[in-house]
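> Taking the hints into account, I'd like the entire structure generated from these sequences.
One-letter residues, chain by chain:
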Amino acid sequence: MATPNGLITVDSVTQTFPLDGGGQYVALRSINLDIAPGEFVTLIGHSGCGKSTLLNLLAGLSQASEGGILMHGRQVTEPGPERMVVFQNYSLLPWLTVRQNIALAVNTVYPQMAPRERHEIVERNIQLVSLTAAAHRLPAELSGGMKQRVAIARALSIRPKLLLLDEPFGALDALTRGNLQQQLMQICQESSLTAVMVTHDVDEALLLSDRVVCLTNGPAARIGQILSVPLPRPRERLSVMNHPDYYQLRSQLIHFLQEQRRLKQLAATSR
Amino acid sequence: MPQVLPYLLCIGAFLIVWQLLSAALGAARLPGPIQVITDTWDPYIKDPFYDEGGTSKGLGWQILISLQRVAVGYGLAAVVGIALGGLLGLNRFAGKGFDPVVQVLRTVPPLAWFPISLMVFQDANMSAIFVIFITAIWPIIINTAVGIREIPQDYTNVARVLRLSKRAYIRSIVVPATVPYVFTGLRIAVGLAWLAIVAAEMLKADGGIGYFIWDAYNAGGDASSSQIILAILYVGLVGLALDRLVAFVGRKVSKGAA
Numbered sequence: 003m004a005t006p007n008g009l010i011t012v013d014s015v016t017q018t019f020p021l022d023g024g025g026q027y028v029a030l031r032s033i034n035l036d037i038a039p040g041e042f043v044t045l046i047g048h049s050g051c052g053k054s055t056l057l058n059l060l061a062g063l064s065q066a067s068e069g070g071i072l073m074h075g076r077q078v079t080e081p082g083p084e085r086m087v088v089f090q091n092y093s094l095l096p097w098l099t100v101r102q103n104i105a106l107a108v109n110t111v112y113p114q115m116a117p118r119e120r121h122e123i124v125e126r127n128i129q130l131v132s133l134t135a136a137a138h139r140l141p142a143e144l145s146g147g148m149k150q151r152v153a154i155a156r157a158l159s160i161r162p163k164l165l166l167l168d169e170p171f172g173a174l175d176a177l178t179r180g181n182l183q184q185q186l187m188q189i190c191q192e193s194s195l196t197a198v199m200v201t202h203d204v205d206e207a208l209l210l211s212d213r214v215v216c217l218t219n220g221p222a223a224r225i226g227q228i229l230s231v232p233l234p235r236p237r238e239r240l241s242v243m244n245h246p247d248y249y250q251l252r253s254q255l256i257h258f259l260q261e262q263r264r265l266k267q268l269a270a271t272s273r
Numbered sequence: 005m006p007q008v009l010p011y012l013l014c015i016g017a018f019l020i021v022w023q024l025l026s027a028a029l030g031a032a033r034l035p036g037p038i039q040v041i042t043d044t045w046d047p048y049i050k051d052p053f054y055d056e057g058g059t060s061k062g063l064g065w066q067i068l069i070s071l072q073r074v075a076v077g078y079g080l081a082a083v084v085g086i087a088l089g090g091l092l093g094l095n096r097f098a099g100k101g102f103d104p105v106v107q108v109l110r111t112v113p114p115l116a117w118f119p120i121s122l123m124v125f126q127d128a129n130m131s132a133i134f135v136i137f138i139t140a141i142w143p144i145i146i147n148t149a150v151g152i153r154e155i156p157q158d159y160t161n162v163a164r165v166l167r168l169s170k171r172a173y174i175r176s177i178v179v180p181a182t183v184p185y186v187f188t189g190l191r192i193a194v195g196l197a198w199l200a201i202v203a204a205e206m207l208k209a210d211g212g213i214g215y216f217i218w219d220a221y222n223a224g225g226d227a228s229s230s231q232i233i234l235a236i237l238y239v240g241l242v243g244l245a246l247d248r249l250v251a252f253v254g255r256k257v258s259k260g261a262a
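Residue numbers (our numbering), protein chains in the order written: chain E, 3 to 273; chain W, 5 to 262.
Please keep in mind that the hints were generated in silico from the structure rather than gathered at the bench.
Heads up, some of the hints might be wrong.
[Stated by the list, open to error] On the chain E side, residues computed to face chain W include the following (Cβ under 10 Å): (1) Thr79; (2) Pro83; (3) Val87; (4) Phe89; (5) Leu98; (6) Ala107; (7) Arg252.
[What the hints assert, rightly or not] Derived Cβ-Cβ restraints for the label pairs, each shown as a range: (8) W:Phe18 <-> E:Ser145: 45 to 51 Å; (9) W:Glu154 <-> E:Ile256: 40 to 46 Å; (10) W:Val112 <-> E:Arg76: 55 to 61 Å.
[To be verified] Under 10 Å between C-beta atoms, here's a sample of chain W residues computed to sit facing chain E: (11) Ile20; (12) Val21; (13) Gln23; (14) Ile67; (15) Asp158; (16) Val162; (17) Ala163; (18) Lys170; (19) Ala172; (20) Ile174; (21) Ile177; (22) Pro180; (23) Ala181; (24) Ser258.
We treat Cβ as the ideally placed atom computed from N, Cα and C, and that holds for glycine.
In structure tokens:
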């Protein structure tokens, strides 16, 4: 059922997990979503709503219980470098330096390429995230923001068709987060990357996305609403916030999240 | 200067209590620290490497004999233990199936292996080496296997997304992620190996620091207690040095991990 212009199609995906005491937990129910090439899509929702579960499905790290994920019309059955993930906790290998972490990805994905060419790709991507001075350092010697930049550089260095970001800026202070958001947005714009990002930050979602996909509370989370963000690009934090439509979009998202929170509390008290 | 103050005070207190105990029990039963030194100064402290032929050698030689046995037994235990632990860690089936065997055998005290190994090898030296091997191998197996099983999901996810080959996965992720665990095992093992060799040599061996202690006891001379106490001190110092050495190498090798 792939739409002709869709890069990724999420086709009535339901994800269940077996519970310890028998029975099963339904994390996602009947999710349908099309993602166009070059689109930046954000998944937003309260914690436990299955955002990360959906991202893992897109990555191919887990398989849907029902339905499936299609990429270029072909079913996703395993993870692969064309769907690179920027993991929530960076997932850098602590025994490798910044350069080696990125080189591992480049060398693995481009084995047939000349070593010099691979080296250039590594250096270019280190430069892209302004880490040249720290390229010889181990992850333990980096700040959280620097680690996240390495993770992003590693992901970008292998030119994924789809970039998956799992709350990439969640653990960072506001200033660092703002800078990295801006950088990521620029990179996505320049190389017209397709990206799916999980977040629970409304402003982050609006700043970066073309569409914001709002998930309802779990269990059995569904897509509650999809919000298009028609703000002009290239975007800049301040100009976005001053845009006449911004607050209307923002209040729609906040309204959705508050409604979900109310339902969650209701469900909790009625139990 | 203030950094050494606690050591000076506490060790001084320890020596004073020892001296008082010696005075209470009588110097013939328990020599005090000063007497231990005067009794053993010539030849044991002064010349650790004298050699009068046979088993009458300085403590330096005796320790080297013991260390040699430990090196062989512990070296074998390290090689075999890491290989077996790697296998049990990578292969769930074998890991699960052999777990009871490992759990039972690892609790067997070193000396319980000695009679059976004497029967098998018919040779005291070989038996002592085997006792070291079989004592030291369990913590190495267990820690290696645990290290592999505890590789964080994050790292495996990176390997899966990049589609690392099995070989690259083992080289780039399994080995470096497991090294700190392996060295924890190696560090426990070296302590056990040293403990086992001294005990095994006391039972049956020609030469070695354990033999020296038992020999001094059997000789029952005036200075025997002092010789035994001096040897115990050396055993402790060598054990500490071995422990620190393995820990040091571990830190050097494990780099950013752990």
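> Would you mind marking each hint as holding or not holding in the structure?
Status of each hint after checking the structure:
For Thr79 (chain E), the interface hint is violated, since its Cβ never comes within 10 Å of a Cβ in chain W; the closest pair sits about 12 Å apart. Annotation: Pro83 (chain E) was flagged as interfacial toward chain W, and the flag holds, the nearest CB pair being 6 Å apart, inside 10 Å. This hint holds: Val87 (chain E) has a C-beta 5 Å from the nearest C-beta of chain W, less than the 10 Å allowed. About 6 Å separates the beta-carbon of Phe89 (chain E) from the nearest beta-carbon of chain W, less than 10 Å, and the hint is met.
With 10 Å as the threshold, the beta carbon of Leu98 (chain E) comes within range of chain W, its nearest partner Cβ sitting at about 7 Å, so the hint holds. Interface restraint check for Ala107 (chain E): the shortest CB-CB distance to chain W comes to about 6 Å, inside 10 Å, so the restraint holds. Restraint check, Arg252 (chain E) versus chain W: the minimum CB separation of about 33 Å is more than 10 Å; hint violated. Look at Phe18 (chain W) against Ser145 (chain E): about 46 Å separates their beta carbons, and that is inside 45 to 51 Å.
Evaluation of the 40 to 46 Å hint for Glu154 (chain W) and Ile256 (chain E) yields a pass: the beta carbon distance comes to about 42 Å. Our hint of 55 to 61 Å for Val112 (chain W) and Arg76 (chain E) holds, since their Cβ atoms are close to 57 Å apart. Annotation: interface hint on Ile20 (chain W) violated; nearest CB of chain E at approximately 45 Å, more than 10 Å. The interface hint given for Val21 (chain W) is broken, as the beta carbon of that residue sits about 44 Å from the closest beta carbon of chain E, more than 10 Å.
Restraint check, Gln23 (chain W) versus chain E: the minimum CB separation of about 49 Å is more than 10 Å; hint violated. Annotation: interface hint on Ile67 (chain W) violated; nearest CB of chain E at approximately 36 Å, more than 10 Å. The beta carbon of Asp158 (chain W) is positioned within 10 Å of a beta carbon in chain E (closest approach about 4 Å), and the interface hint is therefore held. With 10 Å as the threshold, the beta carbon of Val162 (chain W) comes within range of chain E, its nearest partner Cβ sitting at about 5 Å, so the hint holds.
At its closest, the beta carbon of Ala163 (chain W) sits 9 Å from a beta carbon of chain E; the interface hint therefore holds under the 10 Å criterion. Annotation: interface hint on Lys170 (chain W) violated; nearest CB of chain E at approximately 13 Å, more than 10 Å. Taking 10 Å as the C-beta cut-off, the interface hint given for Ala172 (chain W) holds, the closest approach to chain E being about 7 Å. With a least beta-carbon distance of about 14 Å to chain E, the hint placing Ile174 (chain W) at the interface is violated under the 10 Å criterion.
Interface hint at Ile177 (chain W): satisfied, since its Cβ lies 7 Å from the closest Cβ of chain E, which is below the 10 Å cut-off. With its C-beta approaching chain E no nearer than about 4 Å, Pro180 (chain W) sits inside the 10 Å limit, and its interface hint holds. A distance limit of 10 Å between C-beta atoms decides the matter here; for Ala181 (chain W) the minimum to chain E is near 8 Å, and the interface restraint holds. Interface hint at Ser258 (chain W): satisfied, since its Cβ lies 7 Å from the closest Cβ of chain E, which is below the 10 Å cut-off.
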